[in-house]
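Engineer: Using the hints, build the complex out of the two chains.
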Amino acid sequence: MDLEKVLKVYIPMTETAFYILLSLTEPRHGYGIVKHVESITEGRIRLGSGTVYGTLSKMQKQGIITVYSDEKRKTIYEITSIGKKLITVEINRLKELHENALKYEEGFL
Amino acid sequence: MMKKVFKPFWSFDVQETEKWLSSMAANGYHVIEFHRYTHRFVFEEGDPKKVIYQIGFDKNQTNVVSSALENEGWVKVSRSKHWYILVNKQHQDEINVSPHREGVIKHNRKVMYIIGAVSAYILFSFFIFLTVFVVMIFSSDPWNVEGSPLWSLTFLFWFIGFLILFQTIKLYRSNERLSRGIEELKDDSIEFSRREEKRLKDLGEIIVKRKFAWWYSPDKLEEWLEKKESEGYNLHRMSKIGNKFYFRKGPTRKVRYCIDYQNTVQGSYFDMHQETGWKLVYTSKSSWMKWTIWSLEYQKESQRPEMYTDKTNHLKQARRITFINVGGMLPLVFVVSMLFSSSTPFTMGGALTTSIFFIVFGLAILLNLYQALKSMMYYSRVKKSLGS
Numbered sequence: 000m001d002l003e004k005v006l007k008v009y010i011p012m013t014e015t016a017f018y019i020l021l022s023l024t025e026p027r028h029g030y031g032i033v034k035h036v037e038s039i040t041e042g043r044i045r046l047g048s049g050t051v052y053g054t055l056s057k058m059q060k061q062g063i064i065t066v067y068s069d070e071k072r073k074t075i076y077e078i079t080s081i082g083k084k085l086i087t088v089e090i091n092r093l094k095e096l097h098e099n100a101l102k103y104e105e106g107f108l
Numbered sequence: 000m001m002k003k004v005f006k007p008f009w010s011f012d013v014q015e016t017e018k019w020l021s022s023m024a025a026n027g028y029h030v031i032e033f034h035r036y037t038h039r040f041v042f043e044e045g046d047p048k049k050v051i052y053q054i055g056f057d058k059n060q061t062n063v064v065s066s067a068l069e070n071e072g073w074v075k076v077s078r079s080k081h082w083y084i085l086v087n088k089q090h091q092d093e094i095n096v097s098p099h100r101e102g103v104i105k106h107n108r109k110v111m112y113i114i115g116a117v118s119a120y121i122l123f124s125f126f127i128f129l130t131v132f133v134v135m136i137f138s139s140d141p142w143n144v145e146g147s148p149l150w151s152l153t154f155l156f157w158f159i160g161f162l163i164l165f166q167t168i169k170l171y172r173s174n175e176r177l178s179r180g181i182e183e184l185k186d187d188s189i190e191f192s193r194r195e196e197k198r199l200k201d202l203g204e205i206i207v208k209r210k211f212a213w214w215y216s217p218d219k220l221e222e223w224l225e226k227k228e229s230e231g232y233n234l235h236r237m238s239k240i241g242n243k244f245y246f247r248k249g250p251t252r253k254v255r256y257c258i259d260y261q262n263t264v265q266g267s268y269f270d271m272h273q274e275t276g277w278k279l280v281y282t283s284k285s286s287w288m289k290w291t292i293w294s295l296e297y298q299k300e301s302q303r304p305e306m307y308t309d310k311t312n313h314l315k316q317a318r319r320i321t322f323i324n325v326g327g328m329l330p331l332v333f334v335v336s337m338l339f340s341s342s343t344p345f346t347m348g349g350a351l352t353t354s355i356f357f358i359v360f361g362l363a364i365l366l367n368l369y370q371a372l373k374s375m376m377y378y379s380r381v382k383k384s385l386g387s
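Chains as they are written, first to last, in numbering that gives the first Met the number 0: chain G, 0 to 108; chain S, 0 to 387.
Pulled out of the complex, with its shape left as it was, chain S reads as follows (with noise of 0.2 Å):
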């Protein structure tokens, strides 16, 4: 006996329909199929059984169970393009490996930028009639609304929208829970109380300073740090944005500071340096385009630390770098020539408007040229140090 079950919007909580396919299994229906696009799940009727279900994600056509996950109890049910459902007989507790959720993780990711950029353009609209409205009803001008069938058109875009948002906000909660068992981002610094730390501060044990804009040469920033810990100035911790350091007197030390982007991380990336020794210091708080500064401190006779051992590697980190920091201007390049191009700011105002116009934004791409051309100094010098 055969049950279609249709489950809209399965893949934005994985662990919500996992549970509810277990519960399924529960009361005697086993998936045997399901489709991803037309939210169908196809059960077979049986005996009530207790399993555990894994949905995974998988771009490449590789079996998604390996060995090790074989020899855990854990089998295919079915797959569905990139979805994957396992399933497991064993209780919860006895499973020891289990797949991988970063898969899912990152595609989750992907999609709720795609309809979080969706519902924002949709809301952005109500937003607007809705400023106008309230303005309308504070202003002393007569004003009537136009009876239309048509907004019930518009009621129904904007409800959309709403529900659109609501989907946003659950892929993004389901998300943050399946990373919370990946993801330790605790770094490593000694937490003092605010009130201790500007005892300190006021005493001289603490110092502050402040580096503006430090990725667009992460090299000197690696310098400036070690010099600092040879003088005896132990970075204490950072602000949250990355603007401050906060040092504190201590012994002179030999530690390595490595600055790394990455585009996306994976819980993995933690995991692999903070294993081999480095202690994290500072992380950007996006999970895209992440800046991470990582610490080792070492012997004062042994080689300095590397993280990047690889010549070839370490020069595709350098060019990585340097891409997305010249790259990052290039919108503010973009909406500023279409500006020029266009007329409107020459005939909206009068000479001054016009002039503080051209004065800011120039001075805007001058500074943008600026960092562009120190990333590429940064390039440069890594790859005469790689003497490639």
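Only chain G is shown next, with the shape it has when bound in the complex (with noise of 0.2 Å):
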């Protein structure tokens, strides 16, 4: 899939998506994404093995992530330059709405 197609399927992005991107800053196996994820977030995400099967799965079709095989012939994931453009446009999305939140956040206290 192209870019445009690829931003027009993720942004805005669900957590889950979201975080499986975001730990791939260096290769992964699937259970290193799932415990990756967990202890960036305090314990608060535990994504399930069929989420994460089923979203890979997904992301390889589209070309945002590529798989190779380690030496056990355990699959190891990795983002590809369209998946890494595709987390940057989310990256600066979330900082745009962070950077509103604290900004009007006692508007509401």
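A hint or two may mislead.
[As the list claims (entries may be wrong)] Pair by pair, the computed Cβ-Cβ distance ranges are:
| id | chain 1 | residue 1 | chain 2 | residue 2 | range |
| --- | --- | --- | --- | --- | --- |
| 1 | G | 91 | S | 89 | 37 to 43 Å |
| 2 | S | 278 | G | 71 | 17 to 23 Å |
| 3 | G | 88 | S | 80 | 26 to 32 Å |
| 4 | G | 57 | S | 305 | 14 to 20 Å |
| 5 | S | 368 | G | 72 | 40 to 46 Å |
| 6 | G | 72 | S | 109 | 21 to 27 Å |
| 7 | G | 57 | S | 222 | 25 to 31 Å |
| 8 | S | 299 | G | 57 | 31 to 37 Å |
| 9 | G | 41 | S | 368 | 47 to 53 Å |
| 10 | G | 100 | S | 298 | 33 to 39 Å |
| 11 | G | 96 | S | 210 | 46 to 52 Å |
| 12 | S | 39 | G | 91 | 45 to 51 Å |
| 13 | G | 88 | S | 91 | 39 to 45 Å |
For the record, the hints were derived by calculation from the structure and aren't laboratory data. Cβ coordinates follow ideal geometry from the N, Cα and C atoms, glycine included.
Structural biologist: Here you go:
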């Protein structure tokens, strides 16, 4: 899929998709992704293996991530250049939301 | 100096082709280009070198040499549409990271089904002929074969059919070999010898329950299995066909059972769930339209674990299951409606044959309608539980 189509499908991102992509700053095993997300959200998000497998398969078909095998023939997931562009767009969107949230927070206290 | 080599059906056994490319390189011929449809490989003459090749298949136009692969020494040689060849100068044992095999396995499986169907169609006529021929030889009626030059065409037709059959088998074998490193499909049940199991059964330690067509209401089966665990009946194993459940008397446990359906699975499917703690209880035989039962024991104080934590994802899964269950009966409905609309069954037999026909097919349709209804009720239950 080209970048435009991918942006349309994924922006705004679900927490699941966002955290899965965010975990791929380095190539990881599926289980590594689940553990990483659990630790950086301090246990709030524990991704189910079915959800991760389904999301990763879909992302792979769309060209956002790519796979390869390690020496034990286990699957390792890696982000592609399109995936990197996608997560950057989403991070910038979240930055804008965050800045505005901080700006107007006091109005609701 | 260039050399062109024609290698027919090179994609049917990629490991063999890879070995062939390496041996060519050891003789000084390095592949620089290849064309998938014309089965042509172009070599450049140079110094003999020991290199490893790997052939892959990638549907997307992504860069197939990711940074991890690049660091491991893999270099792209050539790409022909979806197929690509990578080369690595290191020794086989030194290579830790290699391209994924699943693109090739998936594609070759599709090709195998298609050419398998073609060869089945061609050889079907051959077997009809063979049956008729054998019957004729053993019958007492006189018979003769009409000589005709067209027989050569028929023989050619059948010969091609057998050729395609051999290629199908070759594809199947090479795919099995490729998958073997990836799919470690041993389920996690404890193995008892048949005798030990029978002894335990007679003692009442092991009980067997049959469930017919549980896949129409997977959530009900999950609840039933979990209830049995909480009553002290631990699921010990299942029959290969998936209709019998063997329970062993044991401690009351809190176990989550998850029934999952996938249109096709890759090896990474089993890795993913097993790595996160799920135990494989049962998986259907074919790698296509796969039903798998997973289990995960959890602490009494903890929450019931879920395989699908994302609501949209979960609903999509339920929808897929419902579609496959309802869609599965369509061929039967189609066939029966064709039969009912044509007049053949009614003219072929007497009133008895016709009524038997009616009853049998009528029951089959009713059964299928009932199962389709069960599937749709399953979907609405999941939808309700997700609160959407």
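Engineer: Give a verdict on every hint.
Structural biologist: Now the hints, each set against the structure:
1. Restraint check, residue 91 (chain G) to residue 89 (chain S): a C-beta distance of roughly 41 Å satisfies the suggested window 37 to 43 Å.
2. Checked against the hint of 17 to 23 Å, the C-beta distance between residue 278 (chain S) and residue 71 (chain G) comes to roughly 20 Å, which is consistent with it.
3. Look at residue 88 (chain G) against residue 80 (chain S): about 30 Å separates their beta carbons, and that is inside 26 to 32 Å.
4. The hinted window of 14 to 20 Å between residue 57 (chain G) and residue 305 (chain S) holds, with their beta carbons roughly 19 Å apart.
5. The hint said 40 to 46 Å for the Cβ distance between residue 368 (chain S) and residue 72 (chain G), and at roughly 45 Å that hint holds.
6. Separated by about 22 Å at the C-beta atoms, residue 72 (chain G) and residue 109 (chain S) satisfy the suggested range of 21 to 27 Å.
7. Distance hint for residue 57 (chain G) and residue 222 (chain S): a CB-CB separation of about 29 Å, consistent with the stated range 25 to 31 Å.
8. Between residue 299 (chain S) and residue 57 (chain G) the beta carbon distance is about 35 Å. The supplied range of 31 to 37 Å therefore holds.
9. Remark: the range hint 47 to 53 Å for residue 41 (chain G) to residue 368 (chain S) is upheld by a beta-carbon distance near 50 Å.
10. In this structure, residue 100 (chain G) and residue 298 (chain S) meet the distance hint of 33 to 39 Å, their C-beta atoms being roughly 37 Å apart.
11. Between residue 96 (chain G) and residue 210 (chain S) the C-beta distance comes to about 49 Å, which sits within the given range of 46 to 52 Å.
12. For the pair residue 39 (chain S) and residue 91 (chain G), the beta carbons lie near 48 Å from each other, so the given range of 45 to 51 Å is met.
13. At roughly 41 Å, the beta carbons of residue 88 (chain G) and residue 91 (chain S) sit within the given window of 39 to 45 Å.
When held up to the earlier numbered hints, the structure conflicts with none and fits them all.
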